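Student: Sequence:
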Amino acid sequence: MQRLQSVSLREQALVVVRQAIVSGEIGPGAIYSASALATRLGVSNSPVREAMLTLVNQGIMEPVRNRGFRIVPISEHDLDEIGEMRRLLEIPATVALVDRAGDPDIEAHRPVAEEICAAARSGDVPTFLEADRRFHLGLLALGGNTRLVETVARLRDQTRLYGVGTLAEQGTLQDTAPEHFDILDALLARDGDAVRTVMTRHLDHIRGEWAGEPPAEPSFPSAR
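Note that full-length UniProt numbering has the sequence shown beginning at 1, numbered continuously upward.
No wet-lab data here; the hints were simulated from the structure.
Just so you know, these numbers come straight off a predicted model, no measurement behind them.
Think of the CB as a built atom: it goes at the ideal place given N, C-alpha and C, for glycine as much as any other residue.
Misleading hints may appear alongside valid ones.
Label-pair restraints from in silico Cβ distances [to be verified]:
| # | residue 1 | residue 2 | range |
| --- | --- | --- | --- |
| 1 | L188 | P92 | 14 to 22 Å |
| 2 | A141 | D78 | 22 to 30 Å |
| 3 | E76 | D191 | 18 to 26 Å |
| 4 | E84 | T146 | 18 to 26 Å |
| 5 | G102 | V72 | 18 to 26 Å |
| 6 | E76 | F181 | 25 to 33 Å |
| 7 | D204 | N45 | 39 to 47 Å |
| 8 | N45 | D191 | 20 to 28 Å |
| 9 | N57 | R121 | 34 to 42 Å |
| 10 | D191 | A108 | 39 to 47 Å |
| 11 | N66 | S8 | 23 to 31 Å |
| 12 | S46 | N145 | 33 to 41 Å |
| 13 | D191 | R147 | 24 to 32 Å |
Generate the whole structure from the sequences, applying the supplied hints.
Tutor: Shown next as structure tokens:
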């Protein structure tokens, strides 16, 4: 795991902790202290604690008195609901960009798609997740609906992609990463049906093989 830089430590800590939750590095059931995570990240306690309190406010973590924080439990049914909501929101919003977004704005996301593919090839899960988040939220932002983007961002944060690490080790992420180019190409071709098809396939990965099983032991230090 990368150590944090000195700029915007709270925001950097929030990104790293959020990615660790989504990927399953921070697992369910365990209690995590801000001090232990701060030591792991090479920063003081304050920015990590602020980041975790932000996740508490978002309903993703909860405080445990005098011990630290833990993830709010999420069930298979919860994940099914999150997946359904993401399909209902993201697919039509992305299809709508066929008529709303200009070619330069769409094309501007190609370097991010390249980052995603490079991260998939190297098995770099944190970079993969960060770039994937940037790609999809950036595209949705082209539609001009800030509330929709914020809602999808919260749904993404609540998702648990326990299988991503295993898929990265197996090289399987390289098979799905190019779908980001397919989305861009379909948008640039102004082919709404193609956008819908590739987005549906793309989001199906999230609730399918990307979800996987929760890790037996957390890989972040917990407050045991």
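Student: Take the hints in turn and mark each one as holding or not.
Tutor: Each hint tested on the structure:
1. Under the hint 14 to 22 Å, the C-beta atoms of L188 and P92, about 19 Å apart, fit the expected range.
2. A hinted range of 22 to 30 Å holds for the C-beta pair A141 and D78, which are about 26 Å apart.
3. Checked against the given bound of 18 to 26 Å, the beta carbons of E76 and D191, roughly 34 Å apart, lie outside it.
4. A C-beta distance of roughly 22 Å is found between E84 and T146, which places it inside the suggested range of 18 to 26 Å.
5. The given range of 18 to 26 Å is broken by G102 and V72, whose C-beta atoms sit roughly 40 Å from each other.
6. For E76 paired with F181, a C-beta distance near 31 Å keeps the hint of 25 to 33 Å intact.
7. Range check, D204 to N45: Cβ separation about 40 Å, and the 39 to 47 Å hint holds.
8. Under the hint 20 to 28 Å, the C-beta atoms of N45 and D191, about 51 Å apart, miss the expected range.
9. Here the CB-CB span from N57 to R121 is close to 36 Å, well matched to the stated 34 to 42 Å.
10. Our hint of 39 to 47 Å for D191 and A108 is violated, since their Cβ atoms are close to 19 Å apart.
11. Between N66 and S8 the beta carbon distance is about 29 Å. The supplied range of 23 to 31 Å therefore holds.
12. About 34 Å separates the C-beta atoms of S46 and N145, a value consistent with the hinted range of 33 to 41 Å.
13. Taken as a hint, the range 24 to 32 Å holds for the pair D191 and R147, whose Cβ atoms sit roughly 27 Å apart.
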